[in-house]
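Novice: Per our numbering, the sequence shown starts with residue 14, numbered consecutively.
No lab work stands behind these hints: they were computed from the structure.
Please read all numbers here as calculations on a predicted model, not as lab measurements.
Some clues are possibly wrong.
[As the list claims (entries may be wrong)] 20 Å max Cα-Cα, derived SDA-like pairs, lysine to any residue: (1) Lys188 <-> Tyr205; (2) Lys104 <-> Arg79; (3) Lys189 <-> Arg142; (4) Lys102 <-> Asn118; (5) Lys102 <-> Gly156; (6) Lys104 <-> Tyr119; (7) Lys189 <-> Ala221; (8) Lys23 <-> Phe46.
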Amino acid sequence: MERLQAEYDKMVTQIEEISKTRVRVFLDDASAFVVYRGELHSFHIREGEELSQESYRSIMEEVLPRRAKLRAMNLLKSRAYTVKQLHDKLKAGGYPEEIIAQALNYVGSYRYTDDLQYAVSFIRNQTERRSRRRIELDLLGRGISQSVLEEAWGLWEEEGGLQDEEGMISSLLEKKGFDREHADQKQRQRMYGFLMRRGFPAEAVRRAVL
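Generate coordinates for the entire structure from the input sequences, incorporating the hints supplied.
Specialist: Quick look at the structure:
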């Protein structure tokens, strides 16, 4: 029994204050987790002392999974998140990777997180305001994979979705007061750069301003 206890007990190497109510506990195996200050006493967590197998198991198998799932659910009540965005939120909250995975699997099993659904909804809401390229870069930055992105565009098109990028370019030029017939080279180059930065296709931009 003593051999097993020694094998599983972990040394608390540092307790770092995060806020008035929360602390991060570092262990000798380089892992860490965040608990409330009051839980230091209830789980007998002291810097420089061993954390028992029983306390560690309770924290990692009961306390943190329940807390991470609740945190994920509360986040999703206010707005939609991609899986990556939700992962990053939980990571910022100090949850270990294995706990984050459990929380993501939990909300995913109820389809609270669905990257494909998120991407289609985002495309549907942004196609009248942003170029296709800008939409794609935004979704890729939110953790949507290229394959999911392509599928989302396909589903949106099946819904009857159609994006008029040339019409969007014309509208932007009108708002900017650009007169193609009377514009000089400097004005044309400035508008060309403006539209290219917004992600519109180079050929469409050239036709509109050069």
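Novice: Now look at each hint and say whether the structure bears it out.
Specialist: The hints, checked one at a time:
no.	hint	in the structure
1	Lys188 <-> Tyr205	holds (15 Å)
2	Lys104 <-> Arg79	holds (15 Å)
3	Lys189 <-> Arg142	holds (15 Å)
4	Lys102 <-> Asn118	holds (15 Å)
5	Lys102 <-> Gly156	holds (13 Å)
6	Lys104 <-> Tyr119	holds (16 Å)
7	Lys189 <-> Ala221	holds (13 Å)
8	Lys23 <-> Phe46	holds (13 Å)
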